[in-house]
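*Asks:* From first to last, the protein sequence lines are chains A, B, C and D. Reading the first sequence from the start, the letters are residues 599 to 1041 in the numbering used here. Reading the second sequence from the start, the letters are residues 599 to 1041 in the numbering used here. Reading the third sequence from the start, the letters are residues 599 to 1041 in the numbering used here. Reading the fourth sequence from the start, the letters are residues 599 to 1041 in the numbering used here.
Keep in mind that the hints are not guaranteed to be accurate.
A pair holds if it fits inside one copy or across any two, identical chains being indistinguishable in the list.
To be verified - Below, simulated SDA-like cross-link-like pairs (lysine to any residue); rule was C-alpha separation at most 25 Å, straight line:
(1) Lys929 x Lys960
(2) Lys874 x Asn999
(3) Lys1015 x Ile819
(4) Lys895 x Asn647
(5) Lys884 x Asn927
(6) Lys703 x Gly642
(7) Lys1015 x Leu866
(8) Lys849 x Phe1035
(9) Lys782 x Arg722
(10) Lys846 x Thr995
(11) Lys632 x Gly811
(12) Lys1018 x His627
(13) Lys929 x Gly811
(14) Lys1015 x Glu907
(15) Lys732 x Lys821
(16) Lys624 x His856
The set of hints was computed from the structure by calculation and includes no laboratory data. Here the structure is a predicted model, which means the values were calculated and not measured.
Number of protein chains: 4
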Amino acid sequence: MTKGVKIVTIGGGSSYTPELVEGFIKRYHELPIKELWLVDIPEGEEKLNIVGTLAKRMVEKSGLPIDVHLTLDRREALKDADFVTTQFRVGLLDARAKDESIPLKYGVIGQETNGPGGLFKGLRTIPVILDICKDMEELCPNAWLVNFTNPAGMVTEAVLRYTNINKVVGLCNVPVGIRMGIAKVLGVEANRIQIDFAGLNHMVYGLDVFLDGESILEDLIDKLTSNNESGVTMKNIVDLGWEPDFIKGLKVIPCPYHRYYYQTSRMLEEELEASKTVGTRAQVVKQVEKELFELYKDPNLNIKPPQLEKRGGAYYSDAACSLISSIYNDKQDIQTVNTRNNGAIASIPDDSAIEINCVITKEGPKPIAVGDLPVAVRGLVQEIKSFERIAAEAAVTGDYNTALLAMVINPLVPSDKIAKQILDEMLEAHKDHLPQFANSIKV
Amino acid sequence: MTKGVKIVTIGGGSSYTPELVEGFIKRYHELPIKELWLVDIPEGEEKLNIVGTLAKRMVEKSGLPIDVHLTLDRREALKDADFVTTQFRVGLLDARAKDESIPLKYGVIGQETNGPGGLFKGLRTIPVILDICKDMEELCPNAWLVNFTNPAGMVTEAVLRYTNINKVVGLCNVPVGIRMGIAKVLGVEANRIQIDFAGLNHMVYGLDVFLDGESILEDLIDKLTSNNESGVTMKNIVDLGWEPDFIKGLKVIPCPYHRYYYQTSRMLEEELEASKTVGTRAQVVKQVEKELFELYKDPNLNIKPPQLEKRGGAYYSDAACSLISSIYNDKQDIQTVNTRNNGAIASIPDDSAIEINCVITKEGPKPIAVGDLPVAVRGLVQEIKSFERIAAEAAVTGDYNTALLAMVINPLVPSDKIAKQILDEMLEAHKDHLPQFANSIKV
Amino acid sequence: MTKGVKIVTIGGGSSYTPELVEGFIKRYHELPIKELWLVDIPEGEEKLNIVGTLAKRMVEKSGLPIDVHLTLDRREALKDADFVTTQFRVGLLDARAKDESIPLKYGVIGQETNGPGGLFKGLRTIPVILDICKDMEELCPNAWLVNFTNPAGMVTEAVLRYTNINKVVGLCNVPVGIRMGIAKVLGVEANRIQIDFAGLNHMVYGLDVFLDGESILEDLIDKLTSNNESGVTMKNIVDLGWEPDFIKGLKVIPCPYHRYYYQTSRMLEEELEASKTVGTRAQVVKQVEKELFELYKDPNLNIKPPQLEKRGGAYYSDAACSLISSIYNDKQDIQTVNTRNNGAIASIPDDSAIEINCVITKEGPKPIAVGDLPVAVRGLVQEIKSFERIAAEAAVTGDYNTALLAMVINPLVPSDKIAKQILDEMLEAHKDHLPQFANSIKV
Amino acid sequence: MTKGVKIVTIGGGSSYTPELVEGFIKRYHELPIKELWLVDIPEGEEKLNIVGTLAKRMVEKSGLPIDVHLTLDRREALKDADFVTTQFRVGLLDARAKDESIPLKYGVIGQETNGPGGLFKGLRTIPVILDICKDMEELCPNAWLVNFTNPAGMVTEAVLRYTNINKVVGLCNVPVGIRMGIAKVLGVEANRIQIDFAGLNHMVYGLDVFLDGESILEDLIDKLTSNNESGVTMKNIVDLGWEPDFIKGLKVIPCPYHRYYYQTSRMLEEELEASKTVGTRAQVVKQVEKELFELYKDPNLNIKPPQLEKRGGAYYSDAACSLISSIYNDKQDIQTVNTRNNGAIASIPDDSAIEINCVITKEGPKPIAVGDLPVAVRGLVQEIKSFERIAAEAAVTGDYNTALLAMVINPLVPSDKIAKQILDEMLEAHKDHLPQFANSIKV
């Protein structure tokens, strides 16, 4: 890599790109990027141009010798890449809106990663990711695939199981978010907090929490659960309104997404209520994005606008830059990523993807063994792993019964009949992005 | 055992006892019982006398030299026993009625084995079972404990984990019922059907089905799912109204109890409806039992009355007799029982209880290894195993938070708040039978 | 199989064949064989004719409608077979003589199954077996392969790992021999003895021993070890001259082949001594065989001659008949065979071959889970498993370094230098039967 | 620990102590030791005074406020310790001489860690270690036990299995030695080399080797094996005279101790030869030690004398200081230590000790999962693990048969008879240090 690093970002027209560019500029001293290729599809060309032009202004301001390329030709971009990041959304936010709203019609939470919505996001996304992998095998076989397209766990599982790409890492901002949230609760710098994370994407638990290397788990749970009662609120991460005694019994830190599984009925009520007032999350995000792109168009803007942080994916792109730098520099620091289990969690197969603390080396992430997860959480984690694997199989085979199976075994779906109704309506609604199911859609 | 076999039945006053006695009489040529002790508690004395007197009449009619003893003194009965069967119900059917009706008030299925009701049945039952085990260690350390008190999986788990009794088998009539049902669908004798069962109690799957030793799984699923559509009905076992495509995707045979998990919302509706009309299952059973005991009182009755078969626990007692005879005679035949996993199912810990096909020897059941369960069912099975273990821990420790944890992680319970409400109401309702929670019940 | 069973015996000219034929005749009432094809290679034609003609006389005497076919055309024979047995020896006894004598020159035991000799037997045999499997996939895809060609464990491993044949069973007469031996020591009928066998081929342990279903392990070990001291001798099986305290510490029953590993230096001395007097085992067997074939030629002989039982492979062919009948009749009895582990022994991979008690069904053997082997034997078993896998890999790839690796890690080989010397001399000596190593043999 | 760190060194009179003291002085800026207690037994008092006085001179020269205490009262020393290091030798070098010479009389390598000598070193050492652990539980329950007393793997196994001390780490200088050796071969700085170590103590393999984060394993093996042939020599680490093709087949880097297992006969010849000329290793070391203590007495000496590096345990004490500092400072760097497996190596039980790369945190080492070891080495590793566990059991129980079992299953011991002879002679020779075997020694 003495030639300077070449990075390719698939889905370069995303609103997140400025954070990514900022992250690369900030780390140039240790990660000397020579070429940054932003790739998108024809439907995304306009956004690509807007955000790509902003990226060029940001680089120009930095004075660094990074070449920013905008292209619709993925294969040209991939040639000899060192790192490929993926952050696209097949079907854009309209597809997400359907992922969320169709299940709701049947009284079911859509949940765009590990729920019925996530199933469909996976069915649409996995074939595209597998295509990218095929191109990578040919054009940049030594490159790392850093995926932060959701459902990141299911996507990583599919890459590990159905491609020859071993150099894949799935990324999520949840672990870093929990760390930030806990630091805030304790009123300390985040870098003094370490958390033993293990589980799956959006299904990760903090098995222990350390302040300056010493376990504070028990005190923290006391503090979080009593804060809870006393009405102190901590945005998004901590203030989930958990039953204090439940968390005391659980003895580990859940992630925000666990609300969908441990508080299903409460979340459903909230979502139904929101759908009547502010709209689905997709609709909210759509509005935010629209405003962001208006900002990005400003020819005087040459920094990441602060409004982006409200977008919801905070830390995501920065986590990606940090990961890439640790691989490039063989930093051997600890980050929480999605990778091959390799025995780190006993009850999950060795060849499945998990989300876990890893030592990040030039050869990629090496998971730190935890033995097994606590008994109480082992079941739910296994259930989502079953769901991810069956969903990935359905995405690859286009088999209707397998897709129905994935839908039925999802813990958010209350019956096989409802599963079938949701499945049929979603297959129809998304049919343009599900060519593999062409023969399965019942007219 | 040359002295003749001594069998002790705890909960001897149960309405099931006549089937057990019939089973022993039928097998006397291979299982020479010298003493049969029917044990009950003072509250059950009247029933014990009624059913015990019937048992004596049945034995008398048979002309066999079996001594039937009725007693309230468990320790006297246990002395030098060869087999101890347990079939009692702490709190009787009134407790079951609460197990079913309290959750329903919160829109939750009670489910008396693997649901919230099963949690409380376990909390009441496990301490009594552990007491019996302590007596057995002292009074009949070489005896086998054959448990068919529900929740049989949780109880077996608790005995394996919290006592020194290794000679324990948990029994259920579900596997034999499925076999009977499939034989009926196919119009063949049940003994021509073999099924590879594996899973947990009331959470067991038929991984493959054989007719005369050849796999017929695929054809059977086609047949069951098309029967289904064509409106053919098969009482209780087969006609569960599964979505045909779901079962085709699943590729294994679920058990009737899987309806609670794969058809939660439909089952809930049925139960709510039934509670308004015929009453809960407990109320129905109570009426049946009342009628049975009226019959039992008839001094001219000296056989198992045919009405007993409608009771719902068909095959249960006969399965127990068959198991005892196979152990006694080292038959090495294959039966489906609850036993220590020992590696037979990969993703379940070696030392946990599972329900699986075993070779039945004089040394007890030896499980046949299946590798691992199919991916699609591994999650739900793990979830119930987590529930069983945490529930058993709560039963032993009397810890409120642990009991709440068991309730929250149960797949039928839709949120931590509702879990707590149900828990608190049930702890209060059952407090007479939950001395270990004396300090946890909030006044 | 209503058409009558078709059995194909590869290596039909073996001196064992009369036992096999006797076994089939004896079981005709339950295993109605219509065709028995004895197949051999041109070099074996003379023997095939001698033994085949005897087989025909035996069938004729029985009066049964079994057609015996003799052929050199393997593919013709395999067409639509139901069971294929393999009992051939690539390179005949001359090759075995080299397997035994070459290592001895370097002070190393040859040991024709799990030693350096076994490595070469595997290198010669596995490619032929894989060819047979390829023919079977095409010509009789539903047939069972019943292999009793040694090294049976390595061969079963190779079939499981490198072919699409799942219906394979490896057979050995060691377990039945141990059972017979123990019955003799105890002076009881063999069918009253049950042994929990687990391990690998020629590396199997009796984990527990039962008389009429009750464990007698401790007493048996006392008896065997004191017999030992008092000079009582039990041919071949029991009188191995073990150190009594070692067996008392081991707490399980070793098999005769364990002498090679637990008494390496003593066995080496014996073999060196024997090589000077009676010759290697191959030379002894060669003489026995010569005499047997002289007997077989007698046109008046129409039974299995009693002299065959001295041949050393007693019970082998009968075990094969018994296994075939249990599969054909779905007997669900317990036999000890080589099959896919499937989790039955925890520290061996699920997809490796092990030797273990199985329930024999029409779908083949189903292993009974033992959890894990006792700590003290786990190491040696794993070592032979490593050896078998690396040896099978060498047989398939013809890679010199891999073959050397197998030789070095074999516990009988005392150094890498000696391993290389033995390897080189044996590769040269066997080169006619090792085409896959054509490029590796150093001239 | 704001009070300043208290370190206790059991076996403080060891000749290694000056390296330890040097290591602490060098790291004072990050590891502020307030008290260093050197503890020894009455027999070691003279040495303790010599080396302790040197330690005091070294500290005085450094000008640091470290208090050095010399004591024979272990319990006084342990009170409130933060770290306890153990580096003692029960029976001193005379015992080692017997460990090496007695087996040699029977033509067997003594091998003082994983051979028959190691068994006896374990039998003598483990009871003392368990006593220390008992004191620690009482006097300094939060302290870390850093053990570098051999056999370090067996000792760590015993502490994990038979005490309540979880904070234990076993240390060895082999991994760092291999790293140094490889760096020297490649002519690069050692800190540019990373090695993925996994296995057991003195049975560890380098599964992959990295230069600046990139794998160089294949090239390195080529280089090492060709160096080998060309006669280039690299002291102790690399120049083991391996058969080049064996290492090419093995595809991982063995450690120097592997010579005992892969080159048993060659090592035996060397040892027999050496015993006739230079004497056993124990005798050589004894002479070196004598000279060292002469040096240590010099009142003008106030540094670690350079001659110590020739002692053979180079890097040992420095590795201990480095480990202690990483724990104290929560450095999260990667070191290779002996710790609880926790699933990091699949075929070894979770609760056994392994030697593996770990992230070193304030909570101790966290092993990095490797999935499973390569097939070819899995057997030998399992065999030594079996040996270690049975040996530890014998040390704790004092059971003669268990000790014999450990001796027989050791791969260096060629037969059960010889095992018994060696065992009996060694039990007698060491009887003063084996009180637990008082009843087993045959007069």
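*Asks:* At most 25 Å between alpha carbons: which applies to Lys1015 and Ile819, within, between, both or neither?
*Replies:* This pair counts as between: shortest inter-copy Cα distance 18 Å, intra-copy 40 Å.
*Asks:* Using 25 Å as the alpha-carbon threshold, which applies to Lys874 and Asn999: within, between, both, or neither?
*Replies:* Neither, since 33 Å and 36 Å both go past 25 Å.
*Asks:* Under a CA distance limit of 25 Å, which applies to Lys1015 and Leu866: within one copy, between copies, both, or neither?
*Replies:* The answer is both: 19 Å in one copy and 14 Å across copies each meet 25 Å.
*Asks:* Measure nothing new, just compare the shortest in-copy and cross-copy C-alpha distances for Lys895 and Asn647 to 25 Å and report within, between, both or neither.
*Replies:* within (9 Å within a copy, 79 Å between copies)
*Asks:* If the cutoff is 25 Å on CA atoms, where do Lys782 and Arg722 land: within, between, both or neither? Let me know, please.
*Replies:* neither (37 Å within a copy, 43 Å between copies)
*Asks:* Please work out whether the CA atoms of Lys1018 and His627 approach to 25 Å or closer within one copy, between two copies, in both situations, or in neither?
*Replies:* neither (54 Å within a copy, 53 Å between copies)
*Asks:* Classify it for me, Lys884 with Asn927: is the Cα-Cα distance of at most 25 Å met within a copy, between copies, both or neither?
*Replies:* Neither: 37 Å inside a copy, 47 Å across copies.
*Asks:* Between the shortest in-copy and the shortest cross-copy C-alpha distance, which are at most 25 Å for Lys846 and Thr995: within, between, both, or neither?
*Replies:* Answer is between: at 15 Å across copies they meet the 25 Å cutoff, but 43 Å inside does not.
*Asks:* Is it within, between, both, or neither for Lys929 and Lys960, if the alpha carbons may be no more than 25 Å apart?
*Replies:* The answer is both: 8 Å in one copy and 20 Å across copies each meet 25 Å.
*Asks:* Within a copy, between copies, both or neither: where do Lys703 and Gly642 come within 25 Å Cα-Cα?
*Replies:* Result: close neither inside a copy nor across copies, 30 Å intra and 52 Å inter.
*Asks:* Up to 25 Å between alpha-carbons, please classify Lys929 paired with Gly811: within, between, both or neither.
*Replies:* Both, since 20 Å and 9 Å are each at most 25 Å.
*Asks:* Go through the copies and call it for Lys632 and Gly811: within, between, both or neither, with a Cα cutoff of 25 Å.
*Replies:* Intra 38 Å, inter 21 Å, cutoff 25 Å: inter-copy only.
Hint violations for this structure: numbers 2, 5, 6, 9, 12, 14, 15, 16, all remaining hints satisfied.
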